[in-house]
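**Q** Here's the letter readout for the chains.
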Amino acid sequence: DTEVTQTPKHLVMGMTNKKSLKCEQHMGHRAMYWYKQKAKKPPELMFVYSYEKLSINESVPSRFSPECPNSSLLNLHLHALQPEDSALYLCASSQADGGGYGYTFGSGTRLTVV
Amino acid sequence: DAKTTQPPSMDCAEGRAANLPCNHSTISGNEYVYWYRQIHSQGPQYIIHGLKNNETNEMASLIITEDRKSSTLILPHATLRDTAVYYCIVRVALASYDKVIFGPGTSLSVIP
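Those sequence lines, one after another, are chains A and B. At position 53 of the first sequence the residue is numbered 53 (the numbering used here), and the sequence of numbers has no breaks. At position 59 of the second sequence the residue is numbered 1059 (the numbering used here), and the sequence of numbers has no breaks.
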């Protein structure tokens, strides 16, 4: 299995809702990442997990709450989002040994906040 | 990580080689050059990476200048499916995780 699977592919949520994005990989990668991408912009790094521990939080608002329950799964919990949070949310994984084959990205979850 | 500079857009005729340049004049000795591409509405895809030597794989070739201050990604026979945004990134591959920061990239249009 050489894929990163993200669910759902599309999500529409109200500003008072609580929802979660899920990311799964079975490549044995021990580093996992969340990126946010607005239209016509490059992906922006949000969070980095290494060996199930949060290593980087790029000053992301607390309405985004990441969770890594095991080495294969990464969640992003969403609460009280704003319309400007509408974006493509990308998950990625990589080997955690400094080795060289870069990230494997999922296809993303397209989030619309109404 | 060192910053990179890429042209915002390029065109290439179908079947011809696409040569995408990248400047990374402040690159350090232990920083690798990576290339990713992102086809519309999909996740970015790893293409190739290198440190000093030129590299080739089934997707592309990477030419790095001797002083390592610039590089060129070559798609030898561009097809319409190669239309995408191409990102050049430099990073240190020593940590237990990567911190990949994407710049604006080059939007490549392959024209029939």
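The set of hints was computed from the structure by calculation and includes no laboratory data. One or more of the hints may lead you astray.
[To be verified] List of simulated lysine-lysine pairs, DSSO-like, C-alpha gap at most 30 angstroms:
1) Lys40(A) <-> Lys18(A)
2) Lys18(A) <-> Lys53(A)
3) Lys40(A) <-> Lys19(A)
4) Lys53(A) <-> Lys1069(B)
5) Lys1003(B) <-> Lys53(A)
6) Lys22(A) <-> Lys1099(B)
7) Lys1003(B) <-> Lys40(A)
[As the list claims (entries may be wrong)] Here are some chain B residues the structure puts well away from chain A; computed CB gaps all over 10 angstroms:
8) Pro1044
9) Asp1098
10) Val1110
[To be verified] Which stretches of chain A does chain B cover? Using the computed rule of at least three CB atoms under 8 angstroms from a CB of chain B, they are:
11) 50-58
12) 61-75
Every residue, glycine too, gets a C-beta built ideally from N, C-alpha and C.
**Q** Check each numbered hint from earlier against the structure, then list the numbers of those it violates in ascending order.
**A** Hints 4, 8, 9 and 12 not satisfied by this model.
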